[in-house]
Amino acid sequence: MKLRVAAIILALGVGLASWGTTVLTARFKSLAEDLQWLEPRAFEGLTVVAIGTGTAYENPSRLGPATLVGTGTRAVLVDAGRAVTEALRSARVPVTQPDTVFLTRLSPETTVG
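Letter by letter, the sequence shown follows residues 8 to 120 in this note's numbering.
What the hints contain is simulated information worked out from the structure, not anything from laboratory work.
Here are the computed distance ranges between Cβ atoms for each label pair:
no., residue 1, residue 2, range
1, A49, L110, 23 to 29 Å
2, N66, K36, 34 to 40 Å
3, R99, L31, 25 to 31 Å
4, G52, T111, 22 to 28 Å
5, R99, T32, 25 to 31 Å
Using 20 Å as the maximum straight-line C-alpha spacing, the simulated SDA-like pairs for lysine to any residue come out as follows:
no., residue 1, residue 2
6, K36, S25
7, K36, W26
8, K9, V21
9, K36, A24
C-beta: ideal position from N, C-alpha, C; glycine also.
Just need the whole structure built from these sequences, with the hints factored in.
Printed below as a string of structure tokens:
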């Protein structure tokens, strides 16, 4: 009797785990359809993009200080403030495109990104 109860509980547990995995897989698949790889951005002439305009004081609506200078497919990042990767994605620039990072000073607001 105890063996039957244990087998039923085990079967229910495996079934529940299988169902949960199926639901999560379907959810992740639907989320992944919205994601796309960003192609390297091509800049016409010398272009300066303020990708983050925050300061040392926390402001949730502004990202940390960061500026992108680009020409052609070459990009240089000046400062790497808070959430710099999010700021680059918002500017449609892949995070791997900047090949040089200049830091104007070694304070946390320009280096923690």
